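Q: Please put together the full structure from these sequences, using the hints given.
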Amino acid sequence: MISIDRAKKFAEAHFPKGPEKLAEKLGIKIHQGTLTGCDGWSLSGPAGKLIRINSSVSTTRQRFTLAHELGHLLLAIPTVVGESMYDSLKSSSDEERRVNDLASELLLPESVVRQYVPSVPIVASQLKRLAAKAKVSQLSAAIRVANLAEEIGLVNASVVFFQNGGFEWHWSKTLRMTPQGAVDLFRAAKRHHPKPVRMPQEDDVIVASLLSNPGFASETLFVQLLPAAAGNSLSREELKKQLEEFLFKDDDEFRRQLQGVFGAFLPKCRNASLEVAFGEFYSSKANHWQGNRRTRLDSIKGRQYVRLRLEEWCS
Amino acid sequence: MTKMPDFAPPAGGMRPPRNVRTDLDDLSAVRVKSELDLHIVRVLELHPKLKVRFRNYDLASLDHDTKMILLHDINAVLGLKTLRRRDT
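Which chain is which? The protein sequence lines are A and B, in order. If you're matching positions, the first sequence starts at 1 in the working numbering and goes up one per residue. If you're matching positions, the second sequence starts at 316 in the working numbering and goes up one per residue.
For the record, the hints were derived by calculation from the structure and aren't laboratory data. Keep in mind that the hints are not guaranteed to be accurate.
Unchecked claim - Sample of chain B residues at the chain A side, in silico, Cβ under 8 Å:
| hint | residue |
| --- | --- |
| 1 | R370 |
| 2 | D378 |
| 3 | I384 |
| 4 | L386 |
| 5 | L393 |
None of these values were measured; they are calculated from a predicted model. Ideal Cβ placement from N, Cα and C applies to all residues, glycine included.
A: Structure below.
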């Protein structure tokens with residue numbers, strides 16, 4: 001077939017269509033159909049390999065099923081007919097966990113996660129952007145980031161899933177949590193939403209951020225354990241919001257103008273160093289504004305904001 | 316003739332150790348409630364290389380149409396052609 005390492009590299013090279021392109025390369029036929037009581041299956045026989053996907057569920061869920069069934073075929077672990085995505089995620093079977101780990105690596109290569117989650121603590125808005133970029137559900141993005149906890153600087157992390165406000169299951173390779181502990185954290189996170197909640201834990205800090213999915217009456221809690229110094233510092237997203245409040249608190253037009261200038265300027269500095277782009281911005285673009293707006297842009301906080309935005313693009 | 320003592324007495328009534336996996340591929344444990352269920356299980360039993368498991372050893376969560384699609388897919392990967400009525 002293909003080695004697991006090669007499959008991962010192939011999916012990374014073809015991101016965000018890794019699973020689709022990999023199936024095509026391996027000659028696996030993908031069929032869609034309306035299924036009841038099942039998200040899909042994969043079969044391998046003398047006449048070929050086939051993956052069936054339930055077309056009546058969301059596109060992101062169909063993509064997860066495709067990657068999951070590819071995982072079954074690549075790892076030579078038999079498919080489980082009658083299983084939904086949620087069944088497989090809450091399964092305690094080691095084999096299902098291995099399949100899901102591989103599926104999330106095919107959908108979200110580590111290099112992409114590092115690009116979208118460059119620093120800790122991680123907040124919900126970063127996970128949302130990562131999910132949108134990879135065309136996966138926010139739940140899948142949260143699970144992938146939790147699996148990479150150590151690699152991206154977290155002590156450990158967990159994803160907790162709630163349906164209609166009730167605890168359903170939690171996913172973590174390292175962090176153990178009681179259902180009651182998860183519910184307490186969930187309530188605290190709801191009170192702070194959209195900001196993350198922080199709770200001291202001996203020498204570390206728990207930071208929990210909530211992803212809401214009102215269409216399905218479900219919520220996902222991303223829980224991370226960090227050393228106190230990192231956990232108590234503001235995440236990039238939080239810092240960005242704080243600086244935006246300073247820059248645009250009473251001037252929405254300035255916000256729109258600056259977004260427009262960034263929109264045109266950022267792609268041009270993709271290959272430039274941060275310092276070069278920063279200098280270029282202030283010598284050619286900042287002159288667009290005068291008076292109070294220019295004063296804010298030239299202030300320490302204004303410069304910090306411009307630097308933060310340029311960091312997303314510069315090499 | 317004296318009866319040989321059991322060399323390895325059966326370990327009945329004991330749970331298997333945690334590192335021993337239950338045989339999830341055991342098709343005889345799958346509950347069948349219709350002719351179609353039985354047909355799917357028989358095809359799989361005839362082709363043991365085609366590994367398929369059923370959640371909770373049951374096809375009950377699947378409706379008739381889904382089972383028909385499953386059977387169609389099983390036939391496709393096995394290269395089995397269904398009989399067609401010849402037009403006269």
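Q: Each of the hints needs a verdict: does it hold here or not?
A: Evaluation of the provided hints:
{"no.": "1", "hint": "R370", "result": "holds (4 Å)"}
{"no.": "2", "hint": "D378", "result": "holds (4 Å)"}
{"no.": "3", "hint": "I384", "result": "holds (5 Å)"}
{"no.": "4", "hint": "L386", "result": "violated (11 Å)"}
{"no.": "5", "hint": "L393", "result": "holds (5 Å)"}
Violated hints amount to a single one, hint 4; each of the other numbered hints is respected by the structure.
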